[in-house]
Amino acid sequence: MIDGEATLMAGTDAGGFDPPVMETHVGHETCNGCGDRNCPHCAEQAGKGWLQGLRQLYDAVVREPLPDSFNQLLRQLDQARHD
Amino acid sequence: MTDGQGQGAAGERAAPDRFKRDLVAVIPHLRAFARGLCGRADFADDLVQETMVRAWNARARFRPDTSMKAWTFVILRNVFLTEVRRNRFRGDYDEAAAERITAGNPGQEAPIHLADLHRALLKLPPERREAVLLVGAGGFSYEEAAAITGCAVGTIKSRVARGRAALVQMTESGEDLRSDASESDRQTGDPAGRIMADLAKVAGAG
Numbered sequence: 001m002i003d004g005e006a007t008l009m010a011g012t013d014a015g016g017f018d019p020p021v022m023e024t025h026v027g028h029e030t031c032n033g034c035g036d037r038n039c040p041h042c043a044e045q046a047g048k049g050w051l052q053g054l055r056q057l058y059d060a061v062v063r064e065p066l067p068d069s070f071n072q073l074l075r076q077l078d079q080a081r082h083d
Numbered sequence: 001m002t003d004g005q006g007q008g009a010a011g012e013r014a015a016p017d018r019f020k021r022d023l024v025a026v027i028p029h030l031r032a033f034a035r036g037l038c039g040r041a042d043f044a045d046d047l048v049q050e051t052m053v054r055a056w057n058a059r060a061r062f063r064p065d066t067s068m069k070a071w072t073f074v075i076l077r078n079v080f081l082t083e084v085r086r087n088r089f090r091g092d093y094d095e096a097a098a099e100r101i102t103a104g105n106p107g108q109e110a111p112i113h114l115a116d117l118h119r120a121l122l123k124l125p126p127e128r129r130e131a132v133l134l135v136g137a138g139g140f141s142y143e144e145a146a147a148i149t150g151c152a153v154g155t156i157k158s159r160v161a162r163g164r165a166a167l168v169q170m171t172e173s174g175e176d177l178r179s180d181a182s183e184s185d186r187q188t189g190d191p192a193g194r195i196m197a198d199l200a201k202v203a204g205a206g
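Listed in order, the protein sequences are those of chains W and X. If you read the first sequence in our numbering, its first letter stands for residue 1, the second for the next number, and so on. If you read the second sequence in our numbering, its first letter stands for residue 1, the second for the next number, and so on.
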């Protein structure tokens, strides 16, 4: 997955999540991560962050090469079918 | 041999090949779901391999016009619940596996530290963990997740919402992420009893 994809997916509600409804406060519109707990931008990012992170964890496993034990099992299943 | 017989024989040969191809395609997703459920790479792969064997043995019952991913996720979930009941297994944090995963994007600034999120996920009650995984990571709709877990759509929505709130709370505050106590433990003070009660609810819903 490219770096921006998780952000894009989180923003498009691909998993069936309702996007958070946020008020826009003057002074925080251009916030780039001030960390203020009252900052709506940072709160919104935290709300999306868990979803991005969850997908990163999941996708990291999806991208792992399959251990050889899986190929061995598939060969055994195939062999059992032909026997 | 008539044409019809020939097509039938070819169809019988093609069906297992298609089944195998579709099964192979979902293995990475099964591994990811299993890893999220139990937190341990070795145990997760054991669960997936048992799932593959059961799916293969039941392949005659699989309808090709349905989702292989959803069908195998149901089997995996049942295998997991069986193992939990048998071994009183609980979600555990696999430091080495987590390191491999969270080191995957070294240059990326994540809003949440992935290792903390991984720990927080494993501290969710099992039914919320699976709901969050299915909908949040697995790409299933609420309706599909409800079908997989055998519960109402509203129940899944509630579990996802509560799971999401708990994940955000835990990762923001860092509360108890380094301890062994799970959210469900803290609710009763009886970790094993609470886990089994949660699983009984999940099993009852299924």
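It is worth saying that the hints were derived from the structure and are not from the lab. What you are looking at is a predicted structure, and each value in this text was computed from that prediction instead of being measured. Glycine residues also receive a C-beta, built at the ideal position from the N, C-alpha and C atoms. One or more hints might be untrue.
Taking CB as the label site, the calculated pair distances span [as the list claims (entries may be wrong)]:
1) X/R63 <-> W/R75: 32 to 38 Å
2) W/H82 <-> X/R61: 32 to 38 Å
3) X/D46 <-> W/A80: 18 to 24 Å
4) X/N57 <-> W/S69: 35 to 41 Å
Here's a subset of chain W near chain X, in silico, CB distances under 8 Å, partners left out [unchecked claim]:
5) L54
6) P67
7) F70
Hint by hint, here is what the structure shows:
1. In this structure, X/R63 and W/R75 break the distance hint of 32 to 38 Å, their C-beta atoms being roughly 26 Å apart.
2. Distance hint check for W/H82 and X/R61: the Cβ-Cβ separation is about 21 Å, which falls outside the suggested range of 32 to 38 Å.
3. Remark: the range hint 18 to 24 Å for X/D46 to W/A80 is upheld by a beta-carbon distance near 19 Å.
4. Taking 35 to 41 Å as the suggested C-beta distance range, the pair X/N57 and W/S69 does not conform, at roughly 18 Å.
5. The beta carbon of W/L54 comes within 5 Å of a beta carbon in chain X, closer than 8 Å, and the hint placing it at the interface holds.
6. Checking W/P67 against chain X: minimum C-beta separation of about 6 Å stays under 8 Å; hint holds.
7. Evaluation of the W/F70 hint against chain X yields a held restraint, the C-beta minimum of about 6 Å falling below 8 Å.
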